[in-house]
Structure formats: structure tokens, C-alpha cells
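*Asks:* Chains as they are written, first to last, in this note's numbering: chain F, 25 to 698; chain W, 25 to 698.
Take these hints with a grain of salt, some might be off.
Pairs involving identical chains hold if they fit within one copy or between any two copies, as the list cannot separate such chains.
[Stated by the list, open to error] Keeping only pairs whose Cα atoms sit at most 20 Å apart, straight-line, the calculated SDA-like set for lysine to any residue is:
| no. | residue 1 | residue 2 |
| --- | --- | --- |
| 1 | Lys598 | Glu641 |
| 2 | Lys173 | Arg311 |
| 3 | Lys598 | Ala642 |
| 4 | Lys369 | Ser508 |
| 5 | Lys598 | Asp484 |
| 6 | Lys598 | Glu317 |
| 7 | Lys369 | Arg267 |
| 8 | Lys659 | Gln593 |
| 9 | Lys659 | Glu326 |
Worth flagging that the hints you see were computed from the coordinates, not collected in a lab.
There are 2 protein chains.
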Amino acid sequence: MATPTTQSSAGSDAVTDDPEAVVPPTDDLSDDERALLVDNLRFVLDGRWRAIRDNVREQSNRADLLPDPSLTLDEARARILEVMRELSSNGFASAGFATDHGGTGDVGASITAIEMLGYADLSLMVKAGVQWGLFGGAVENLGTERHHKRYVSDIIDLDLLGCFAMTETGHGSNVQALETTATYDAETQEFVVNSPTPSARKDYIGGAAQHARVAAVFAQLVTTGPGEDAQSYGVHCFVVPIRDDDGNDLPGVTTSDCGYKGGLAGVDNGRIMFDNVRIPAENLLNRYADVAEDGTYSSPIENSNRRFFTMLGTLIRGRVSVAATAGAAGRKALTLATRYGLIRKQFEAPDADDEILVMDYLGHQRKLLPLIAKSYAIACAQNEITAELHEVQSPSGDADAARQRQLESDAAGLKAYSTWHASHAINISREACGGAGYLDENQVSIMRGDIDVFTTFEGDNTVLTQLVAKELLSAYADDVQGLSTTGWVRFIAGMARDVVVEKTAVRQVVQTLLEGSDEDTEKSNLTNRGTQIRLFRNREDHLVRTCAQRLRKALDDENDAFEVFNNAQDHLLKVGQARTERMVLESFIQVINDCDSRAAAQVLGKVCDLFVYSALEADLSWFLMHRHVSVERAKAIRRGVNELCLELRPHARTLVDAFGIPEELLTAPMLEHG
Amino acid sequence: MATPTTQSSAGSDAVTDDPEAVVPPTDDLSDDERALLVDNLRFVLDGRWRAIRDNVREQSNRADLLPDPSLTLDEARARILEVMRELSSNGFASAGFATDHGGTGDVGASITAIEMLGYADLSLMVKAGVQWGLFGGAVENLGTERHHKRYVSDIIDLDLLGCFAMTETGHGSNVQALETTATYDAETQEFVVNSPTPSARKDYIGGAAQHARVAAVFAQLVTTGPGEDAQSYGVHCFVVPIRDDDGNDLPGVTTSDCGYKGGLAGVDNGRIMFDNVRIPAENLLNRYADVAEDGTYSSPIENSNRRFFTMLGTLIRGRVSVAATAGAAGRKALTLATRYGLIRKQFEAPDADDEILVMDYLGHQRKLLPLIAKSYAIACAQNEITAELHEVQSPSGDADAARQRQLESDAAGLKAYSTWHASHAINISREACGGAGYLDENQVSIMRGDIDVFTTFEGDNTVLTQLVAKELLSAYADDVQGLSTTGWVRFIAGMARDVVVEKTAVRQVVQTLLEGSDEDTEKSNLTNRGTQIRLFRNREDHLVRTCAQRLRKALDDENDAFEVFNNAQDHLLKVGQARTERMVLESFIQVINDCDSRAAAQVLGKVCDLFVYSALEADLSWFLMHRHVSVERAKAIRRGVNELCLELRPHARTLVDAFGIPEELLTAPMLEHG
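Just need the whole structure built from these sequences, with the hints factored in.
*Replies:* Below you can see the structure in the form of C-alpha cells.
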């Protein structure tokens with residue numbers, strides 16, 4: 025840890041002092057130059073799958089794709105299904121499936137395309153994500169050839185509508201404790217799927233209320249091998265038909281409707297109860313486990329925990345898509361609010377007849393610009409995670425277990441970070457648009473309702489953040505997954521002291537920047553990238569080290585292991601947040617480093633500074649308390665946010681234009697009159 | 025300002041060390057004792073108008089009053105109007121109007137009753153607030169006998185449905201710049217009401233889309249006195265009929281519908297355009313200004329700014345009601361989330377078959393308990409503001425201008441503080457309920473949509489917070505209201521140095537506590553009330569002083585006055601927040617001081633500690649940066665929040681039960697199975 029000096033001249037932290045970072049104000053740019061800058065920034069933000077983005081942009085530049093609040097629930101659901109059929113007929117879904125299953129096998133393209141739907145209608149994204157990502161992904165990744173042959177092309181074409189029946193009324197986060205059972209009956213070679221209790225009911229399942237004909241059901245597999253007692257082998261996934269062609273529940277299946285929700289009107293969330301429903305044995309998605317005719321259970325992965333988490337891990341695509349789409353939704357809301365702020369005036373300008381643009385108020389800039397900066401940073405990290413997932417899941421990919429594990433942790437962290445950001449950004453955007461923001465015709469209020477559940481579905485954000493921390497503290501050790509809280513605390517306590525090491529390779533650009541910066545962060549300019557990385561890394565390391573020490577010490581003092589864990593829970597959550605924010609920063613820096621356009625790189629540099637300064641400001645008490653920044657520097661950080669807002673103000677429109685949101689999808693009457 | 029020592033033993037800040045503050049854990053209480061504790065807490069929270077609260081509780085304990093998301097927009101609006109008619113026939117609205125106008129003249133009762141509607145349906149509260157509070161209040165407070173006689177009893181009985189047409193498409197916060205004109209025509213003794221531009225359109229007006237027959241229209245009064253040129257006298261209010269008995273627009277009036285919104289489905293927000301609509305001269309609400317037959321303008325208040333702000337000031341009731349209702353909504357969401365957290369289990373308990381109640385996780389406690397504590401504090405401050413408004417507006421009341429001015433500022437601050445809190449608390453409550461929280465059947469998602477606009481209507485929170493700061497910095501000087509930003513900055517610069525004084529009387533209990541505490545806050549225990557008050561007061565004083573200095577200095581340096589103001593806007597907003605939070609704390613302390621039950625006072629003391637600790641934690645970087653707390657103390661504050669959460673955990677149910685929300689209004693299927 026750096027020991028900051030308390031003396032630091034205010035000047036050295038002034039963000040305008042860095043000659044390298046001078047940005048040409050937009051006012052000085054010709055229209056052509058500005059357009060070029062927008063293009064260059066968009067090129068950077070679009071990332072590797074930019075061709076897909078342009079493709080979806082072209083297809084989706086239609087205001088009729090926007091949510092229509094006047095539709096009834098049934099109409100809204102039918103409408104989304106209709107649009108999905110249109111997408112499907114345009115080949116939208118093929119990328120998500122392997123070529124030998126009938127797809128085109130481009131995972132990154134698939135996720136990017138889903139993300140782009142977030143600019144149109146979040147219901148569409150969720151419904152598409154359920155059908156092709158979750159349900160299709162379960163069949164693709166947990167099934168074997170017999171399932172691929174039988175289902176995949178129908179899933180792509182929407183000839184088979186499915187749902188993903190994991191969550192139960194009683195269990196969301198704790199999937200290992202699901203109550204639904206699938207018991208093998210050797211006599212008939214069937215599994216009997218059953219919901220033994222009211223809390224075993226499948227709940228909140230997208231598609232279960234109306235459209236799904238089939239469900240990928242997660243249930244405890246129970247079987248009796250020859251000469252054995254019946255035994256449970258943990259949660260597995262089964263394809264279970266739930267409705268006939270007319271949409272009626274099949275015998276033993278009782279579906280119901282979750283009804284009206286806080287948003288996502290176009291998604292038919294529902295519930296399913298199973299009363300000893302019989303399915304053929306072959307409906308077990310048997311990539312990681314199988315049951316022989318005689319009831320003998322077998323699996324290539326002996327350890328049942330590892331098997332469970334391996335299966336779960338293959339389903340990571342949903343989480344990555346949700347994070348990506350939240351990013352898109354946040355960008356769209358910020359674009360609407362920024363455009364409004366650039367035409368809306370209020371209160372008289374001094375010595376002038378006209379009133380002041382609300383975007384010219386520092387308070388307004390401080391509301392929107394730091395969120396735009398964070399959106400840039402998140403977009404860069406998201407592109408990197410999407411690309412990593414593509415590599416790991418592509419047939420040619422290197423599916424190394426450690427790399428998969430790292431990806432799962434990073435994706436969990438980014439999902440929480442990105443969806444909380446989006447929820448907050450949309451909320452602030454709504455407020456920044458005042459009454460106009462509350463009218464559905466201007467979209468932001470609809471987005472507010474739609475995004476809300478993103479923070480708790482596909483993994484509750486608090487649980488995910490904690491997961492990141494637990495993985496980090498236990499250094500991604502094997503066999504830690506699935507340990508009870510107690511077991512995990514004991515594991516940490518038993519680890520060699522200070523064994524916690526950075527396992528992932530430090531990327532070259534970060535290494536170089538670190539080497540070129542002073543170890544004493546206080547001595548270096550705060551706009552120095554190496555210093556910025558150091559501050560984020562030092563925070564993370566400090567939190568990891570002290571959290572581990574705290575857990576060990578508390579356990580040494582013979583406290584109850586759950587109590588030890590629980591007393592440190594806020595510390596643990598902070599570890600996860602700090603970790604993810606550091607990862608996001610480093611992704612952003614990588615992207616700036618790789619940017620070919622000098623003007624774009626300069627603007628991105630300022631945006632990165634604002635991201636860093638406002639992230640530091642948001643956590644300033646921690647940095648002060650743990651003496652990672654001095655009081656003088658803390659004050660400079662607050663001033664720096666203001667100065668950076670002022671500097672980026674002329675670029676506000678450029679920054680949001682670079683998101684490349686199709687114009688028709690930004691339809692909002694408030695933008696016509698201000 | 026205190027100069028904290030950096031040495032402070034951790035032990036001295038431990039919240040459990042104070043023997044005076046020991047609370048009997050709920051587990052030790054018998055059912056009777058717990059019920060009594062709930063009653064005593066409720067007695068405190070209910071405040072002066074507790075009889076009204078009980079009355080509304082009794083009347084509203086019906087699940088059919090809850091919002092029904094399955095209704096169409098038209099049905100939802102009709103339903104709310106129907107419930108209002110029921111309320112009206114039960115005498116609900118009489119309290120808001122003076123006895124000699126046909127009411128019962130109990131302002132405090134009126135506001136309290138409206139607040140209680142927030143437990144049922146926020147649409148109902150808003151629609152009732154528009155009819156009786158805003159429209160009725162305009163007639164009552166800006167009109168004279170001829171208006172009272174003609175309108176008030178019809179308003180109470182809903183024989184006259186009105187709306188409050190202040191906001192325009194182009195102007196919300198800056199009411200002085202409204203564009204609608206009302207030009208006096210001496211020949212016909214009429215006013216001609218006109219919307220000269222598209223941005224002059226009245227917008228977002230509750231009731232304007234469908235139900236209102238009459239509008240209280242705010243417009244620039246223009247008249248030509250004998251021998252004078254036509255002159256504008258600023259914004260005044262006029263009663264303008266807008267629809268006939270069949271609901272058709274009257275000639276020259278064009279209404280339209282704002283349509284679907286982020287929430288408040290039962291409120292028919294709409295727009296109005298006036299094309300030279302003629303109304304009788306007597307429709308000017310002429311308490312503060314009149315126009316003679318010959319066009320001569322007269323007013324008892326010569327200064328046009330003061331006149332305008334006096335008129336606005338009488339309308340404060342809406343703002344107070346909105347703050348109060350937001351408080352109620354926040355309490356309800358927290359109650360639902362807390363009850364869910366007390367039955368919902370997730371993840372296995374160590375060495376036990378059962379899973380852990382989510383409320384037993386520190387992370388979950390940290391989400392909900394500090395918000396409950398803040399709700400307590402706000403409820404106390406709200407009761408005080410309501411009572412003060414009652415005193416100021418009651419016929420027998422002392423309508424001293426300074427007191428009115430102070431009330432306006434306090435109400436503005438509390439409105440912003442309370443509605444931001446409610447919006448945040450409902451958001452967190454939704455997340456704390458996971459998927460269940462997103463289903464409308466469990467209410468929280470509906471409340472989330474409904475509360476959203478509370479932060480920007482009846483005064484945008486940012487603008488209001490700034491208003492509090494501006495008033496405070498200019499020491500409530502006359503003639504500051506209505507000054508342009510430039511003018512205000514120049515005024516501050518011209519004030520005698522350090523003239524900024526606390527104008528309001530320090531209440532006795534605060535005086536006593538301050539006297540009994542060490543001036544050096546660092547030397548005293550943090551659970552000491554005097555120390556708590558000092559920390560809040562020192563922050564406020566420090567911010568006010570440095571903000572004034574900063575403005576003066578910047579202007580001395582001959583900067584542009586708007587720039588000076590704008591560069592300090594974040595500072596100014598912080599002044600307003602700190603001011604309001606100090607006011608809230610002192611209200612809470614007063615209430616605890618006055619509490620008769622020792623057990624209730626003990627629990628309230630812990631709740632107050634949690635409010636203080638979490639408020640300090642939320643602003644810890646400021647306290648550290650300005651050396652109002654040491655690093656050691658800062659760490660003790662973080663620990664203190666955890667410890668207080670743990671201590672209050674057994675009281676969680678008691679604390680929310682004490683809100684006294686009618687059971688039927690807490691109907692939520694998620695509370696049946698967990």
C-alpha cells in the first residue's frame with residue numbers, strides 16, 4: 025500500500041494540466057470532423073462483432089419495434105412472439121448454435137445480436153434470450169447428439185417454443201437445493217418428474233404462462249442402480265413437454281400465469297407444477313451424466329459438486345447476455361436524457377433573453393456525464409467478456425477449466441456491476457427528464473420498469489458479487505464451489521497465509537503502465553493511467569488481504585463459522601465490487617490503447633479519467649480511511665469530477681451519438697420541442 | 025469546527041458500550057409486551073393527528089382499495105374517481121377547508137388523511153391531492169369570498185372537478201416564466217386566456233385528460249390601466265372552465281391526454297391549449313391582486329416578486345402532502361420487504377437441516393434496517409412540518425412572514441429528502457424481494473412505478489434542494505426570492521461577511537444536549553445525542569460558510585456571475601442536503617425526548633443511532649476530508665452500522681408493525697409461502 029504524503033500541491037492533480045490529454049472541443053470541429061469522431065468512437069465501442077451490430081441496426085431501425093404501452097398483456101406477448109418469428113426468419117438465431125447442430129456457431133455474434141435488441145424492446149431481448157439463449161443453450165450445452173438432432177433446428181426456427189424451468193418458488197439463488205425430483209423408473213425407462221411441495225413449484229419462468237410447449241426442467245435426479253437403494257445425484261436438466269399443440273396443459277402438468285409485472289409486459293412469465301409426469305429416459309440432457317437402462321448412474325465428472333457447477337457453467341451465456349443488454353439499455357436512457365438536456369432550457373441566463381440549457385448546469389452534467397463515462401468503461405469490459413465467452417465456448421475454443429472458471433467469475437461480477445449501473449442510470453435519466461421522462465411516449469419510464477428485474481434475475485446481484493469475492497479469496501481453488509458457508513470459511517482459514525495471488529495474467533498494457541508509474545500513487549498525477557490502475561489494484565489487494573485475515577482471525581477465536589462469515593459479509597461484497605471495477609478499468613484502458621484514431625483516443629482518455637475520478641469519488645471514504653489517498657488528493661478528486669464534466673460537456677452529444685443507437689428507436693416527442 | 029484527535033480508542037465508539045442504550049431483545053418479550061411496544065412506537069409515529077390516522081386506517085382496511093394492474097387506463101381512472109366519491113361522501117375532504125367556506129378547517133388532519141391514502145394507492149392520493157389540495161387549495165388560498173361561496177362546497181363534494189394548470193411544456197421549475205397569458209379586456213370585463221406558443225401548453229396536468237371541468241390556470245396577467253400601455257404583472261391564477269357537463273372541450277379549449285405513464289395509472293394527466301378563451305373578470309383569484317373594471321391593477325403587495333412568492337407560498341400544502349405520502353409509501357415497501365425477509369430462506373444453515381432466513385444475513389439487514397431507521401426519522405420530521413403548516417395556515421394561526429418563509433424552505437427540503445428516500449427505499453425493497461418483488465400481485469413493483477415521479481413533481485428535487493441552500497446562504501433575506509442566479513450571487517457577495525446566522529430558534533432539548541456534550545466531537549461517544557447533533561450542525565455550518573466564501577471569492581476575482589454560481593452548484597446542493605438532514609435528526613430527537621414509554625424510547629434510541637451512523641457513513645468522505653471525523657472514528661462508524669443492524673434485527677418486525685399499515689393493504693401472496 026502506498027503511504028500518501030499529506031502534502032500534494034493542488035496543481036499536480038488538476039486534470040487540465042496534462043498536455044497529453046488536451047481534447048479539441050467539439051465547437052472547434054467541423055461537421056465532418058465531428059462525424060468522423062463519432063464514427064471512430066463507435067468503431068471502438070462496437071468491438072469485434074461490429075458487423076453484427078450494423079446488421080441488427082439496419083434491421084431494427086423501426087419505431088414499431090418499440091414497446092407499445094397501450095397493448096393488453098395478451099397483445100403485448102403475442103406481439104413479441106410475432107417479432108421473434110420475424111427475427112427467426114431472418115436467420116437471427118442461427119449464430120448461437122454449432123454448425124453441426126444446424127446453426128452457424130458464432131457465440132459472440134449471437135450475444136451481440138441479443139444485446140442490440142436491448143435498444144428496441146427489453147421484452148424482446150428477454151423472450152429471445154429465454155428461447156434461444158437459456159432453453160436453446162441448455163439443449164445445446166447439456167444435451168447430446170440425440171437432443172441436438174431432434175430439437176435444435178426447431179428451436180432456431182421457433183417450431184419448438186421452450187422455457188427454462190430452473191427457479192422455484194422456494195429456491196432462486198440456491199439452485200442446488202431445488203425440490204423438483206426426476207425419479208428414474210427402470211421398468212418403463214422413464215423419468216417421473218414431480219413437484220413434491222408448494223415451494224417446489226417452478227416460478228417466474230419466461231414462456232411458461234402461455235407460449236412454451238416444452239420446458240428444460242432442472243430437478244434432482246433420483247435413480248436406483250441394481251442392488252442399490254434409491255439415491256439422489258443432484259440437479260440435472262430434463263426436456264419435459266408441458267403443453268399440447270393447442271396450448272393446453274399436458275396431463276399432470278399445471279401451469280399458471282405470474283400476471284402483471286413491474287415491466288417486461290411482452291414476456292409471459294408463469295409457473296409450473298408437476299404431478300408425477302412421465303418422460304422418456306432419453307429426455308435427460310445427458311452430456312455430463314447418464315442413467316443406464318438398469319438405473320445405473322454414471323458421469324464423466326465424479327465429484328457431484330464439480331459436476332453441478334460444470335453444468336451450470338455452460339449456461340453462462342444468459343448471464344453475459346443480460347449484462348450486455350443492461351449496458352445497452354443504460355446507454356439508450358442516457359442518450360435520451362442527454363439529447364433532452366441539450367434542448368431543454370430552464371431559468372434565465374444572466375444578461376440574456378434566453379434561458380439556460382439544462383445541460384449547461386454543473387448539477388445536470390454531474391448527473392449524466394459520469395454515468396456516460398461508466399457506460400463506456402462497461403461497454404469495453406462487456407465486449408471483452410463476450411469475446412472470451414466466444415473463445416471458451418467455440419468448438420475450436422480452448423475449454424481449459426481454469427479459464428472457464430475465471431470467465432464465470434468475471435461474468436458474474438460484470439453482470440452485477442452492469443445491471444446495477446443500468447438500473448441507476450435509467451432512474452437518473454428519468455429524473456433528468458422531469459415530467460417528460462415519466463410519460464411512456466418518451467420511453468424512459470418503460471425502460472425503468474423493464475430494467476428493474478435485471479438486478480435480481482439470472483443471478484441475484486448481491487449473491488453474484490459475493491461469488492466473485494469468494495472465488496477470489498479462495499484463489500479459484502478446486503472443490504470450493506458448493507461448499508457451505510461454514511465449509512468455505514474453514515477452507516479460507518486453512519489456506520496458507522497470503523496465498524491469495526493474482527491468477528490471471530496481467531495484460532501487457534497494464535504491465536507497461538504500472539512500470540511507468542510511481543509506486544507511491546500520491547506522488548504521481550492522477551490522470552496517469554498507471555496511477556489509476558494502481559489505486560484500483562491496491563484497493564482490491566488491500567480488501568482481499570484484510571478480508572482473509574479477518575475471517576481467519578475470527579475463526580481462530582473460535583467463533584461460529586456462519587457468524588464469522590456473516591459479520592464479514594459487507595467486507596466480502598466490497599471485495600467483489602472492487603475486483604470487478606478494476607477489471608472494467610483495465611478493459612477500458614486496453615481499448616484506448618488499441619484505438620487507432622488519435623482524436624477518438626483523446627476523447628476516450630478524458631472519458632476514462634471521468635470514469636476513474638467518479639469511481640474514486642464514489643468510494644472516497646474507503647480510500648481516505650485506508651490511507652490510499654490523502655485529504656488533499658481527495659479534494660482534488662472532487663474538483664476533478666467537476667472539471668472533467670466541464671471539459672466533456674461540449675462532447676456530450678458526440679459521446680452518446682457514438683453509441684450508435686438506431687434513430688427510429690430514439691423516437692420521443694420530448695425531443696421535438698424541448 | 026472540532027479538531028479531532030487521530031487517537032481514539034475503538035472501544036469508545038462501540039455502540040454496545042452505552043449502558044443507557046440497552047434494548048431488551050424482542051425474543052425476551054412476551055406477546056403482550058411486544059404488542060404494547062408496537063402500540064407505544066405507533067403512538068409516537070402517529071403524532072398529533074393520530075385519531076385521523078386511526079379513522080383512515082379503519083376506512084381503508086380493504087384490499088379492494090389496492091391498485092389493480094389488470095384495469096385499462098380508462099377503468100383505472102374511473103375506479104379512482106369512484107373511490108374519491110366514496111371518500112367524499114364520508115366527509116374525507118372537509119378538513120382541508122375553512123369552517124366558513126363549508127369545511128371543518130383542520131389543515132393538519134387534512135394532510136394526515138391524504139398521507140394515509142399512500143398506504144392504499146398512490147394514484148388515489150395524487151388524484152385526491154389534485155382535487156382537494158392543489159385545485160381546492162388554490163381556490164381556498166388565492167381566492168376570496170366570492171370564490172369560496174361559489175366553489176368550495178362543490179369541490180368538497182366533487183360536484184366540481186378541477187385541475188391545477190400550472191406547469192407548461194416549456195416551463196416546470198421556472199414558474200415565473202410561464203407563457204400563458206390572461207389579458208384583461210375592459211370593454212367586456214373579461215380576461216382572455218391564451219397559449220401563445222406550443223411550449224405554453226399546460227402539460228402533465230392531473231385531471232386535464234378526462235375528469236376536470238374547470239382548471240386553476242396560472243398565467244401572466246396583462247392589463248391596460250387608464251392612460252397606460254398594456255403591462256404584464258406576472259403570474260396570477262384564474263378559474264377557467266374547460267369542459268361542458270358531457271366532458272367535451274369548451275370553445276377555444278383543446279385538451280389532450282398524456283397517455284400511459286411510468287405509474288399512477290389512475291390519474292388522468294393531460295394537456296390544455298387555450299385559444300383566446302374568455303372568462304369573466306371575477307374568475308381571477310384575487311386575494312393578493314385585483315384588476316378594477318377600468319383595467320387598473322392593484323395589489324396589497326407592491327413588490328411583484330414578493331407577491332408572486334407569497335401566492336406560491338400559500339400552495340405549500342401540495343408539497344407537504346407529497347412528502348408525507350412518499351414517507352408512507354417508503355414505509356409500506358419496507359414493511360413488505362421486511363415481512364418477506366422474515367419468512368424467506370435461502371442457503372443452508374451450518375450444521376442444520378433448515379436454510380437461513382434472508383433477514384439473518386448482515387447484507388440483507390444492511391439493505392433494509394438503515395432505511396427503516398431513516399423512515400422513522402423522516403416520519404418525525406414530517407409530523408412536525410405538518411403541524412407547523414397547520415399552525416401557519418389555520419385561521420387562528422400566526423401567519424408571520426418569516427415563519428411562513430422558514431416553513432416553505434423546510435418543506436422544500438423535506439420534500440426532496442423524503443421522496444428521494446422513498447424512491448430509493450422502494451427500489452431496494454423490490455430487489456430485496458427478488459423475483460417475487462417484480463410481480464404486481466406483491467405490490468412493490470407497482471409502488472416503484474408510482475413513486476418515481478414524486479422526485480420531480482411538486483418541485484424538482486434538485487431545484488428544491490438548491491432553494492433550501494440559497495435561502496440559508498442569504499439568511500432568508502427579503503427580496504432574494506426571484507432574483508436571477510446572477511443577482512443572487514451578487515447579493516451573497518454583498519452581504520456582510522459571516523452574517524449567516526441560524527435564524528430559527530434552537531429547540532430546548534437540542535440546546536440541553538449540546539450543552540451536555542463535548543465541543544470536541546471526537547472526545548465524546550458517538551451514541552451521545554449532543555455529539556450527533558454537533559456533527560450534523562458542524563457539517564451544515566462548515567458547508568454554508570465555505571460555500572459563501574467560495575461564491576464571494578470567485579466573484580471578487582471578476583468571474584462571470586453565472587459561472588461562479590454554476591461552479592459551486594454541487595457545493596450548494598450539499599448545503600441543502602446537510603441542512604435538511606440536520607433538521608430531520610433534531611425532529612427525531614425531540615420525539616424521542618417526548619416519548620413516554622421507556623421501552624419505546626430505548627428502541628427509538630437505537631433506531632436514531634442507526635439513522636445517525638448510516639447518515640454519517642453515507643457522507644463519510646466529506647467528514648473525513650474536512651476533518652470532522654478521524655480515520656479511527658470513521659472505521660468505528662462502519663462497524664457501528666453493522667452492530668446496530670445486529671442489535672435491531674430482533675426488532676425488525678416490531679419496527680415495521682409500528683408503522684400501523686392496515687393489514688388488508690399489505691396483501692401479497694409472497695407473504696403466504698415465503
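*Asks:* None of the hints should be skipped; say for each whether it holds.
*Replies:* Hints and how they fare:
Taking the closest pair of Cα atoms, Lys598 and Glu641 come within 20 Å of each other both inside a single copy (15 Å) and across two copies (15 Å). Taking the closest pair of Cα atoms, Lys173 and Arg311 come within 20 Å of each other only inside a single copy of the chain (14 Å); across copies the shortest separation is 82 Å, beyond that limit. For a Cα distance limit of 20 Å, the shortest separation of Lys598 from Ala642 qualifies both inside one copy, at 13 Å, and across copies, at 15 Å. Taking the shortest alpha-carbon separations for Lys369 and Ser508, only the inter-copy value of 15 Å comes in at or below 20 Å, while the best intra-copy value is 56 Å.
When the C-alpha separation of Lys598 and Asp484 is checked against a cutoff of 20 Å, the pair qualifies only within one copy, where the shortest distance is 16 Å, while the shortest distance between copies is 33 Å. Proximity of Lys598 and Glu317 under a CA criterion of 20 Å is satisfied in neither setting, with 49 Å inside one chain copy and 71 Å between copies. For the identical chains of this complex, Lys369 and Arg267 are neighbours neither inside a copy (55 Å) nor across copies (32 Å), given an alpha-carbon limit of 20 Å. For the homomeric pair Lys659 and Gln593, the shortest alpha-carbon distance between copies (16 Å) is at most 20 Å, but the shortest distance inside one copy (30 Å) is not.
Neither within a single protomer nor between protomers do Lys659 and Glu326 lie at most 20 Å apart by alpha-carbon distance, with minima of 56 Å and 46 Å respectively.
Going down the numbered hints, you'll see the structure goes against 6, 7 and 9, while the others check out.
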